[in-house]
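J.: The chain contents come next:
There are 2 protein chains.
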Amino acid sequence: MKICVAGLGLIGGSMCMALKRAGYQVDGYNRSQAPLNYALKNGVIDNAAQSFDSYDVVFVALPPRPTVNFIINTRFKEGAIVADICGVKKYIEDAVYAANPDIKYVGTHPMAGKEVSGVENACADLFDRASMVVTRGIYADERAINTVKSLTKDMGFARIVECSAELHDRKIAYTSQLAHVVSNCYVNDPEIDGCLGFTGGSFQDMTRIAGVDENIWSELYLLNGDNLLEKAETLHKSLGNFIAALKEAKQSGDAEEIRKNLTVGATAYRNGKANNFTGDGITVTELK
Amino acid sequence: MKICVAGLGLIGGSMCMALKRAGYQVDGYNRSQAPLNYALKNGVIDNAAQSFDSYDVVFVALPPRPTVNFIINTRFKEGAIVADICGVKKYIEDAVYAANPDIKYVGTHPMAGKEVSGVENACADLFDRASMVVTRGIYADERAINTVKSLTKDMGFARIVECSAELHDRKIAYTSQLAHVVSNCYVNDPEIDGCLGFTGGSFQDMTRIAGVDENIWSELYLLNGDNLLEKAETLHKSLGNFIAALKEAKQSGDAEEIRKNLTVGATAYRNGKANNFTGDGITVTELK
Numbered sequence: 002m003k004i005c006v007a008g009l010g011l012i013g014g015s016m017c018m019a020l021k022r023a024g025y026q027v028d029g030y031n032r033s034q035a036p037l038n039y040a041l042k043n044g045v046i047d048n049a050a051q052s053f054d055s056y057d058v059v060f061v062a063l064p065p066r067p068t069v070n071f072i073i074n075t076r077f078k079e080g081a082i083v084a085d086i087c088g089v090k091k092y093i094e095d096a097v098y099a100a101n102p103d104i105k106y107v108g109t110h111p112m113a114g115k116e117v118s119g120v121e122n123a124c125a126d127l128f129d130r131a132s133m134v135v136t137r138g139i140y141a142d143e144r145a146i147n148t149v150k151s152l153t154k155d156m157g158f159a160r161i162v163e164c165s166a167e168l169h170d171r172k173i174a175y176t177s178q179l180a181h182v183v184s185n186c187y188v189n190d191p192e193i194d195g196c197l198g199f200t201g202g203s204f205q206d207m208t209r210i211a212g213v214d215e216n217i218w219s220e221l222y223l224l225n226g227d228n229l230l231e232k233a234e235t236l237h238k239s240l241g242n243f244i245a246a247l248k249e250a251k252q253s254g255d256a257e258e259i260r261k262n263l264t265v266g267a268t269a270y271r272n273g274k275a276n277n278f279t280g281d282g283i284t285v286t287e288l289k
Numbered sequence: 002m003k004i005c006v007a008g009l010g011l012i013g014g015s016m017c018m019a020l021k022r023a024g025y026q027v028d029g030y031n032r033s034q035a036p037l038n039y040a041l042k043n044g045v046i047d048n049a050a051q052s053f054d055s056y057d058v059v060f061v062a063l064p065p066r067p068t069v070n071f072i073i074n075t076r077f078k079e080g081a082i083v084a085d086i087c088g089v090k091k092y093i094e095d096a097v098y099a100a101n102p103d104i105k106y107v108g109t110h111p112m113a114g115k116e117v118s119g120v121e122n123a124c125a126d127l128f129d130r131a132s133m134v135v136t137r138g139i140y141a142d143e144r145a146i147n148t149v150k151s152l153t154k155d156m157g158f159a160r161i162v163e164c165s166a167e168l169h170d171r172k173i174a175y176t177s178q179l180a181h182v183v184s185n186c187y188v189n190d191p192e193i194d195g196c197l198g199f200t201g202g203s204f205q206d207m208t209r210i211a212g213v214d215e216n217i218w219s220e221l222y223l224l225n226g227d228n229l230l231e232k233a234e235t236l237h238k239s240l241g242n243f244i245a246a247l248k249e250a251k252q253s254g255d256a257e258e259i260r261k262n263l264t265v266g267a268t269a270y271r272n273g274k275a276n277n278f279t280g281d282g283i284t285v286t287e288l289k
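As you go down the protein sequences, you meet chains A and B in turn.
So for the first sequence, the numbering used here puts the first residue at 2; every next one is plus one.
So for the second sequence, the numbering used here puts the first residue at 2; every next one is plus one.
By construction, these hints were calculated from the structure, which means they are not laboratory data.
Treat each hint with caution, since some may be false.
Unchecked claim - Not close to chain A: a few residues of chain B, all C-beta gaps over 10 Å, as computed: (1) Gly24; (2) Gly44; (3) Asp47; (4) Ala49; (5) Asn122; (6) Lys150; (7) Lys154.
Stated by the list, open to error - The list that follows gives simulated cross-link-like pairs (lysine-lysine, DSBU-like), each with its CA atoms no further than 35 Å apart: (8) B:Lys115 / B:Lys154; (9) B:Lys42 / B:Lys115; (10) A:Lys42 / B:Lys274; (11) A:Lys238 / B:Lys251; (12) B:Lys115 / A:Lys154; (13) B:Lys251 / A:Lys248; (14) B:Lys238 / A:Lys274; (15) A:Lys238 / B:Lys248; (16) A:Lys248 / B:Lys248; (17) A:Lys274 / B:Lys42; (18) A:Lys42 / A:Lys3; (19) A:Lys274 / A:Lys248; (20) B:Lys150 / A:Lys251; (21) A:Lys115 / A:Lys150.
To be verified - Distance windows between CB atoms, simulated: (22) B:Asn276 / A:Ser55: 49 to 57 Å; (23) B:Lys78 / A:Gly254: 29 to 37 Å; (24) A:Lys248 / B:Asp214: 17 to 25 Å; (25) A:Asp47 / B:Asn272: 38 to 46 Å; (26) A:Ser253 / B:Asn101: 27 to 35 Å; (27) A:Thr268 / B:Gly24: 38 to 46 Å; (28) A:Asn48 / B:Ala23: 56 to 64 Å.
Idealized CB from N, CA, C, for every residue including glycine.
Next comes chain A alone, as it looks inside the complex (with noise of 0.2 Å):
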């Protein structure tokens, strides 16, 4: 099987490196020079992809538009199959099907990541213990799911997640894209000058991801603008009524306000634990 990998980043080069590791000979292209001579230098690749018309799958490790781009105007093999990598699903599903209904393609989103970025941040084993979700389109290839799940396991992932693109979107804006919201509201404070020496684990987890790249970020988050958008009212919403609550208490100088506010989100996070956090609409395969 030839594979090639389009986008040098942290995400491509690590699947490069991941499925080197696995045994495959991977090729990798990427439009700037420097990560290219950095991969070839390093073995993160074993060559440089000079066309695409020869290699049984191509992963687009690009931002969602340069990806939609690169997929619409690329020669592929006939019958090649395709992944994109991007962290929003629909759009680019919308975009690659409208161009080309015939296409193999497959959305995936390897839920793994680092605060640095980079072919030169780049490891083997960035999806040991991840999910890798895979979202399956109204044109989905069968035959094409099955070589990326079983891609997916050879690059060392823990579990492969099914679901729509839809579900996906709505999904990836709560767990991911919020978090890194609330992570760069949250240091958008003077009182962070000061704080050493204050910051336990709690503000540590709070704001590791304040600092990531807003250009990528900015365009993910308007991609899911919708989704993203009602997540974030709901947690406004919360955080209101937890200023409310805490404005009744200190009026009365009872906690009780406070203690029955905490107690919704606890009991939620409680029982969803429980749950393990599983829901509908969403096939999960354990991989270890």
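Since chain A is already given, all that's left is putting chain B on it; use the hints.
T.: For chain B alone, kept in the frame of chain A given last:
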């Protein structure tokens, strides 16, 4: 030096174990019998304290209101050092000094914890790599403060942070209490069902402390109400600004508004990090 820890929960129990690891003899006290029996049986303490008038140092590891009651109503040895470990400091300091300005009182706040509580989760290395905040009130006794700092070092803390009780409360409202509030608000969303497989590190970090005991925390929030309200309102406003930017971007189809919004927080975080989160009124001593 005869030491007693009153209140054998996670923090009190861990202080006993850390002090014993350093070679001290440590007696303990707990109002309910089960934790006391556990502590005796498992060597967390050497003996059960029958009274408190023979100890040179008493650490009071209780919630805020019981801490004040205990300190005010207990007969200590002449010149004994009495230190509390509460997550709010001004409330304790004011109440203790109002009752007895001659007491050798030292406010401390070990910046360590777990998502679980109780003496059975205590461990000797809980404070390794953690900060200890030591607050100094108007009647502070230098010898008492130095003894507590010395015991702090012996317990394995990595850093001592000295400041006023007021400054502690402002900082802690931001770095710890607000983080717990956000985590609690975050999980208050039906979207939490079905999240399995969509939860990378961001979600886990954001929700790790969502299930903490609402009885303890509601009390802490109320006793630091002014500071926490200010911090929660700042975050509420930031989140509101993000929502406005997202709406604008959705209308225009251009991510620029979001990007501009994210840049404010990301820049604040990067600047804070570059300054190592240092600030005025706080003395930091690295112990390792």
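J.: Against this structure, judge whether each hint is valid.
T.: Quick rundown of the hints versus the structure:
1. No Cβ of chain A comes within 10 Å of the Cβ of Gly24 (chain B); the nearest lies about 26 Å off, and the non-interface call holds.
2. For Gly44 (chain B), the condition that its CB be more than 10 Å from all CB atoms of chain A holds, with the nearest at approximately 27 Å.
3. With a least CB separation of 29 Å from chain A, Asp47 (chain B) remains clear of the 10 Å interface cut-off, as annotated.
4. Against chain A, the non-interface label of Ala49 (chain B) holds: every CB pair exceeds 10 Å, the least being about 31 Å.
5. Separation of Asn122 (chain B) from chain A is adequate, the least Cβ-Cβ distance of about 15 Å exceeding the 10 Å criterion.
6. With a closest Cβ-Cβ approach of about 13 Å to chain A, Lys150 (chain B) is found to remain outside the 10 Å limit, as its non-interface label requires.
7. With a least CB separation of 15 Å from chain A, Lys154 (chain B) remains clear of the 10 Å interface cut-off, as annotated.
8. With a C-alpha separation of about 21 Å, the suggested pairing of Lys115 (chain B) with Lys154 (chain B) holds against the 35 Å cut-off.
9. For the hint linking Lys42 (chain B) to Lys115 (chain B), the alpha-carbon distance of about 23 Å falls within 35 Å, and the restraint holds.
10. Distance restraint check for Lys42 (chain A) and Lys274 (chain B): the Cα-Cα separation of roughly 33 Å lies within the 35 Å cut-off, and the hinted pair is therefore satisfied.
11. A distance of roughly 20 Å separates the Cα atoms of Lys238 (chain A) and Lys251 (chain B); the hinted pair therefore holds under the 35 Å criterion.
12. At roughly 34 Å between alpha-carbon atoms, Lys115 (chain B) and Lys154 (chain A) fall within 35 Å of each other, so this suggested pair holds.
13. For the proposed pair Lys251 (chain B) and Lys248 (chain A), the alpha carbon gap of about 34 Å is at most 35 Å, so the pair holds.
14. Among the hinted pairs, Lys238 (chain B) with Lys274 (chain A) is consistent with the structure: their alpha-carbon atoms are about 30 Å apart, no more than 35 Å.
15. For the suggested pair Lys238 (chain A) and Lys248 (chain B), the alpha carbons sit about 16 Å apart, so the restraint of at most 35 Å is met.
16. Among the hinted pairs, Lys248 (chain A) with Lys248 (chain B) is consistent with the structure: their alpha-carbon atoms are about 29 Å apart, no more than 35 Å.
17. This hinted pair checks out: Lys274 (chain A) and Lys42 (chain B) have alpha carbons roughly 33 Å apart, not beyond 35 Å.
18. For the hint pairing Lys42 (chain A) with Lys3 (chain A), the CA-to-CA distance comes to about 20 Å; that is within 35 Å, so the pair holds.
19. Between Lys274 (chain A) and Lys248 (chain A) the CA atoms are separated by roughly 30 Å; this keeps the pair inside 35 Å, and the hint holds.
20. Distance hint between Lys150 (chain B) and Lys251 (chain A) is fulfilled; the C-alpha atoms sit about 34 Å from each other, no more than 35 Å.
21. For the suggested pair Lys115 (chain A) and Lys150 (chain A), the alpha carbons sit about 23 Å apart, so the restraint of at most 35 Å is met.
22. The supplied range of 49 to 57 Å is met by Asn276 (chain B) and Ser55 (chain A), whose beta-carbon atoms lie about 52 Å from each other.
23. Range check, Lys78 (chain B) to Gly254 (chain A): about 34 Å between beta-carbon atoms, so the 29 to 37 Å window is met.
24. For Lys248 (chain A) and Asp214 (chain B), the hinted distance range of 17 to 25 Å is satisfied, since their beta carbons lie about 22 Å from each other.
25. Between Asp47 (chain A) and Asn272 (chain B) the Cβ separation comes to about 42 Å, which falls inside the hinted range of 38 to 46 Å.
26. Here the CB-CB span from Ser253 (chain A) to Asn101 (chain B) is close to 29 Å, well matched to the stated 27 to 35 Å.
27. One distance hint, 38 to 46 Å for the beta-carbon pair Thr268 (chain A) and Gly24 (chain B), holds here, with the actual separation near 44 Å.
28. At about 59 Å, the CB distance of Asn48 (chain A) to Ala23 (chain B) agrees with the hint of 56 to 64 Å.
Violated hints for the displayed structure: none, as all numbered hints are satisfied.
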